[in-house]
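Position 177 of the sequence shown, counting from 1, maps to 177 under UniProt numbering, and the rest follow consecutively.
By construction, these hints were calculated from the structure, which means they are not laboratory data.
Don't be surprised by glycine CBs; every beta carbon is placed ideally from N, CA and C.
Careful: at least some of the hints might be erroneous.
Label pairs and their in silico Cβ distance ranges [stated by the list, open to error]:
hint : residue 1 : residue 2 : range
1    : Gln69     : Arg166    : 49 to 55 Å
2    : Gly111    : Pro172    : 28 to 34 Å
3    : Asn317    : Lys151    : 33 to 39 Å
4    : Pro285    : Gly111    : 56 to 62 Å
5    : Asp115    : Ser30     : 19 to 25 Å
6    : Lys56     : Thr89     : 25 to 31 Å
7    : Gln141    : Arg166    : 22 to 28 Å
8    : Thr89     : Glu152    : 53 to 59 Å
9    : Ser65     : Asn338    : 42 to 48 Å
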Amino acid sequence: SKKWTNNERRLRNPKKSTQRLLDLSYLKPSELRKARTTLIREDQTDSLNEVLMALKQPKKYQMDSNILQLTPRFDRNGVIRMFGRLESTPFLSPEIRVPVILGKKSRVARGLIYDFHMENNHFGSYQALWNLVKQKYCVIQGLSMCKKLIKECNYCKKKFAATTARKMGPLPFSRIPDSRRRLTPFAHVGIDNMGPLNVKNGDNMATRYLLVFVCMITRAIHIEVTVDKSTKSTTLALIRFQGRFGTPNIINTDNASNFLEIAREMEKLKAIFADKEINWTFNPPKAAWFGGHFEIFVGLIKKAIFKSTPNIDVILNDEELATLTSEIARMLNNRPLNYVSEDGIDTVLTPADFILGSQKTSEITCPESISRDFKKRYIFLKKYLDNIWKK
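Start from the sequences, fold in the hints, and give me the full structure.
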């Protein structure tokens with residue numbers, strides 16, 4: 001306060017206690033240091049009274065073991081500090097070498113922590129805030145104090161308040177297996193197009209697309225490579241898919257821009273498969289979230305291809321692209337569907353367990369007697385597959 005400052009100035013300059021000296025509108029650095037020392041010393045008298053008495057009369061009072069391991073001692077100003085292993089380090093500041101000890105109920109500690117929080121612009125977690133504080137001060141139970149202060153900060157409450165969570169809508173009937181029927185994998189399937197991808201066959205460049213099949217019950221995926229997004233290519237891909245996994249009962253596709261362009265062709269597809277009792281459903285136009293069960297896998301496939309194979313437009317041909325997509329499907333089908341425990345004792349359920357009864361592994365390697373050119377291409381493809389696994 002101003003009264004305390006004027007008293008200190010009179011005591012330090014008894015012969016120069018003029019009105020000009022007392023009316024200074026700012027505090028000198030020496031006055032700030034002395035004020036901080038006095039404030040900390042008074043605060044330690046309240047929050048660390050037992051430690052204070054134990055240091056003054058060690059034979060009469062015992063110190064708490066948690067405080068004793070901090071090796072507390074008085075400095076020349078009567079402030080309790082922690083004298084640790086950095087005590088004799090000359091190039092560190094005194095605040096780091098011998099930090100001030102503050103009690104868990106210290107008001108000064110609370111103010112200092114809030115000051116650090118303000119200087120950090122309310123950014124970071126309570127661990128980051130505690131890391132800043134403990135560089136200069138040793139606060140008893142300071143981590144919990146930082147956590148409590150951030151929780152009580154009005155600015156943080158308003159800025160980082162959790163928004164109201166919307167209630168999840170009911171699951172579509174196609175996502176729930178019918179207990180009255182024995183359903184196989186891909187009995188309920190969602191389909192989406194992805195592309196284009198450029199491939200090189202010899203000296204000719206060509207465009208390819210991917211047709212992604214996602215089982216809406218087991219969450220397994222299958223990828224077919226198509227020449228384009230026409231009705232003919234889509235039909236041939238569906239025939240290949242049917243030959244591998246059987247005829248699905250329900251097919252669901254979205255109405256993104258690519259499907260809107262071929263809406264009439266998609267109606268023809270519905271007529272083609274009508275005799276096989278396939279229920280073909282379309283999501284509402286411009287509502288991609290209705291196809292979230294397969295859109296998320298399209299994103300994963302794009303991430304795997306474009307992040308792991310930056311030069312895919314130049315170095316892969318049709319067969320290598322088919323191999324690449326097959327390996328991507330294998331890796332995604334080996335992902336866990338349930339919680340993976342840290343000890344690794346529990347068995348993990350994967351989509352591959354529903355398809356094959358066990359997880360898929362890639363055990364075929366390039367033979368040693370193969371030609372050098374083929375082996376070189378194989379090494380390139382193997383490198384990209386390894387990158388996909390890392391992604």
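### Query
Between Ser65 and Asn338, does the beta-carbon spacing fit 42 to 48 Å?
The hint (42 to 48 Å, Cβ to Cβ) holds, given that Ser65 and Asn338 are roughly 45 Å apart.
### Task
With 56 to 62 Å as the target window, see if Pro285 and Gly111 comply at their CB atoms.
holds, 58 Å
### Query
Within 28 to 34 Å or not, the Cβ separation of Gly111 and Pro172?
Since the Cβ atoms of Gly111 and Pro172 sit about 56 Å apart, the hinted range of 28 to 34 Å is violated.
### Pairwise beta carbon distance, Asp115 to Ser30, judged against the given window 19 to 25 Å
With a Cβ separation near 21 Å, Asp115 and Ser30 satisfy 19 to 25 Å, so the hint holds.
### Query
Can the suggested window of 22 to 28 Å be confirmed for the beta-carbon pair Gln141 and Arg166?
violated, 38 Å
### Query
Per the hint of 33 to 39 Å, is the separation of the Cβ atoms of Asn317 and Lys151 within bounds?
violated, 58 Å
### Range agreement (Cβ of Thr89 with Cβ of Lys56, hint 25 to 31 Å)
At 28 Å between Cβs, range holds.
### Message
I want to verify a distance hint. Is the separation of the beta carbons of Gln69 and Arg166 within 49 to 55 Å?
### Response
Cβ of Gln69 to Cβ of Arg166: about 50 Å, so the range 49 to 55 Å holds.
### Query
So the hint says 53 to 59 Å: do the beta-carbon atoms of Thr89 and Glu152 match that?
violated, 36 Å
Checked against the numbered hints listed earlier, the structure breaks hints 2, 3, 7, 8; every other hint is satisfied.
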